[in-house]
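Chains A and B, in that order, give the protein sequences. Position one of the first sequence corresponds to residue 1 (full-length UniProt numbering), numbered consecutively onward. Position one of the second sequence corresponds to residue 1 (full-length UniProt numbering), numbered consecutively onward.
What the hints contain is simulated information worked out from the structure, not anything from laboratory work. One or more hints might be untrue.
What the hints assert, rightly or not - For lysine-lysine, the following DSSO-like pairs were computed, each having C-alpha atoms within a straight-line distance of at most 27 Å:
#1 A/Lys291 with B/Lys137
#2 B/Lys108 with A/Lys167
#3 B/Lys153 with A/Lys167
#4 A/Lys208 with A/Lys167
#5 A/Lys291 with A/Lys308
#6 B/Lys71 with A/Lys136
#7 B/Lys176 with B/Lys153
#8 B/Lys71 with B/Lys91
#9 A/Lys167 with B/Lys137
#10 A/Lys167 with A/Lys308
#11 A/Lys291 with B/Lys145
#12 B/Lys108 with B/Lys137
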Amino acid sequence: MESLGVLLLRPLDTYLEQELDRRCRLLRLWDAPHDRRGEFLRAHALSIRAVVTGGGSGAGGDAELIDALPRLEIIVCYAVGFDHVDLTRCRERGVRVTNTPDVLTDDVADLAVGLAIDAPRRIPHADRYVRAGLWKANNGYYGLTNQFSGKRVGIIGLGRIGLAIAKRVEGFGCPRTRQQAYPNYTYLPTVVQLAAVSDGLVVACSPKEQSRGIVSREVIEALGPRGVLVNVGRGAHVDQPELVAALAEGRLGGAGLDVFEAESDVPQVLMALDNVVLAPHMGSGTRETRKAMADLVLANLEAHALSKPLLTPVV
Amino acid sequence: MCLAAGVDFIDLDECARRGVVVANSGSVFSADVADHAVGLLIDVLRRVSAAERFVRRGLWPVQGGHPLGSKIGGRRVGIIGLGNIGSQIAKRLQALGCIVCYNSRTPKDSVPYRYFTNVHDLAVESDVLVVACALNKATRHIVGKDVLEALGKDGVVVNIGRGANVDQAELVRALKEGRIAGAGLDVFENEPGAPGELFCMDNVVMTPHVAVFTAESMSDLRDHVVANLEAFFSGQPLLTPVLPHSPVN
Chain A
1 MESLGVLLLR
11 PLDTYLEQEL
21 DRRCRLLRLW
31 DAPHDRRGEF
41 LRAHALSIRA
51 VVTGGGSGAG
61 GDAELIDALP
71 RLEIIVCYAV
81 GFDHVDLTRC
91 RERGVRVTNT
101 PDVLTDDVAD
111 LAVGLAIDAP
121 RRIPHADRYV
131 RAGLWKANNG
141 YYGLTNQFSG
151 KRVGIIGLGR
161 IGLAIAKRVE
171 GFGCPRTRQQ
181 AYPNYTYLPT
191 VVQLAAVSDG
201 LVVACSPKEQ
211 SRGIVSREVI
221 EALGPRGVLV
231 NVGRGAHVDQ
241 PELVAALAEG
251 RLGGAGLDVF
261 EAESDVPQVL
271 MALDNVVLAP
281 HMGSGTRETR
291 KAMADLVLAN
301 LEAHALSKPL
311 LTPVV
Chain B
1 MCLAAGVDFI
11 DLDECARRGV
21 VVANSGSVFS
31 ADVADHAVGL
41 LIDVLRRVSA
51 AERFVRRGLW
61 PVQGGHPLGS
71 KIGGRRVGII
81 GLGNIGSQIA
91 KRLQALGCIV
101 CYNSRTPKDS
111 VPYRYFTNVH
121 DLAVESDVLV
131 VACALNKATR
141 HIVGKDVLEA
151 LGKDGVVVNI
161 GRGANVDQAE
171 LVRALKEGRI
181 AGAGLDVFEN
191 EPGAPGELFC
201 MDNVVMTPHV
211 AVFTAESMSD
221 LRDHVVANLE
231 AFFSGQPLLT
241 PVLPHSPVN
């Protein structure tokens, strides 16, 4: 695939970038300053046949980009979520799309469990307390946290990741976890019922339009002042302003968040709270898994270049 | 009546000589301690606390990605002490896809995990060592220089036992020199307080001896203490007696 012109939208992974550079004709969008990117795309439009994106909201692959690249054949996502890609436009243009499912399932599930323990048990907060010298200064005092084992865990979305989470929390004596598959419309009363019978909710559903705002004010209220919310799906699954207010006012007990409405933009109010664990969208963030994801991206590109079946097509 | 599982600070022989019976907290806290141990392990391997500091310092929008952690599934975890707490840790780690092995005073017949007769050999075959044993003469500094060397530069230590189960000075040196990869510590040799050299390390997670302190465990403990006292004063056997040389965990 040495002649395949590939556009990388932002730095993702050193190994991936090196391999793309070695094996393809790599162009890096960030070589151009922000205000000259349109020019950059126009200058290279005829040679770009593939785009590699990361994941999360704002990762690129929207209609504007697709329209700017008349020779575009494939968008390869270094992520399992592909909500940032305009699939309708891709289908219209005959542009293929791939993602990286399965290789990151365990890592995301592990982080979800880590956040589910850390939110009630406050491990990161306790670590900050020790580092600030407060354990010694307060003569050994810390205070009580809340138990995790045996609590009722409700999982929203029982796909690959949700099932992996369910398997893990059962090891902690959490009663048979309940799943709620959501039907194809926006208002979902049954998620409220799930929240009402759960001590903690884990959002693990894939980013579809129907699941936008699935964790609403009503759901948060049903979860209650001792409830915990963990989100390893998408920030858009949760009514973020409502979540922030509920946490600040004590209407929700705690949260473990790996994703936010606007990636890397964590509300200041959350930064001031001790009952929240904040992670920088690192569900798949292990060396082993990122390499596996990179290899899958490269394998999909190679298959495309050789006109072979794609390994993990979305479109 | 000891409000803890550990009774290392009680002279059990002297109590026996004077006819003083001792009871401990039994397995009241075991689930919470096991959760804490697993929480520390996930935190160290996945760098959760370090990533949180990264976010709270406002570095995410500026620096983009955070350093990567290590996969948990497939890790070999050696548990030192397979009592109530150790067994519960093992069960949770299996659910996370870890391969569990252990060292204990004696092998346990009914468990599916590989047994090692000494901690050094356990460390050779482990990626993570979890200290879950009682503190007594035999287990003081049971994780020392040779065990840390056997664990190796990619190894992680998690301690929810007692600070003195680990040679703390040696552990700090090993961390400073990169001879082990990280540590999750709920206990220390001179509490309260942890060694200041660890405060700048992102591969270490420290908590202030809190593994048992949940509202639920404290409530269960109250009930347990009352039950033991009622048993004693009505001439019934204690629920959780501790004898000298008994395998307390």
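Hint check results:
1. For the hint pairing A/Lys291 with B/Lys137, the CA-to-CA distance comes to about 46 Å; that exceeds 27 Å, so the pair is violated.
2. About 26 Å separates the Cα atoms of B/Lys108 and A/Lys167, which keeps this hinted pair within 27 Å; it holds.
3. Proposed proximity of B/Lys153 and A/Lys167 is contradicted: the alpha carbons are some 31 Å apart, above 27 Å.
4. This hinted pair checks out: A/Lys208 and A/Lys167 have alpha carbons roughly 24 Å apart, not beyond 27 Å.
5. For the proposed pair A/Lys291 and A/Lys308, the alpha carbon gap of about 22 Å is at most 27 Å, so the pair holds.
6. Using a Cα cut-off of 27 Å, the hinted pair B/Lys71 and A/Lys136 is violated, with the two alpha carbons roughly 34 Å apart.
7. Restraint check for B/Lys176 and B/Lys153: the C-alpha separation of about 11 Å stays at or below 27 Å, so the hint holds.
8. Proximity of B/Lys71 to B/Lys91 is assessed by CA-CA distance (about 18 Å); at most 27 Å being required, the pair is judged to hold.
9. At most 27 Å may separate the alpha-carbon atoms for a hinted pair to count; A/Lys167 and B/Lys137 exceed this at roughly 39 Å.
10. Restraint check for A/Lys167 and A/Lys308: not satisfied, since their Cα atoms lie roughly 36 Å apart, outside the 27 Å limit.
11. In summary, the hint linking A/Lys291 to B/Lys145 is not supported, as the alpha carbons are separated by about 34 Å, beyond the 27 Å threshold.
12. With a CA separation close to 22 Å, the supplied pair B/Lys108 and B/Lys137 stays within the 27 Å bound.
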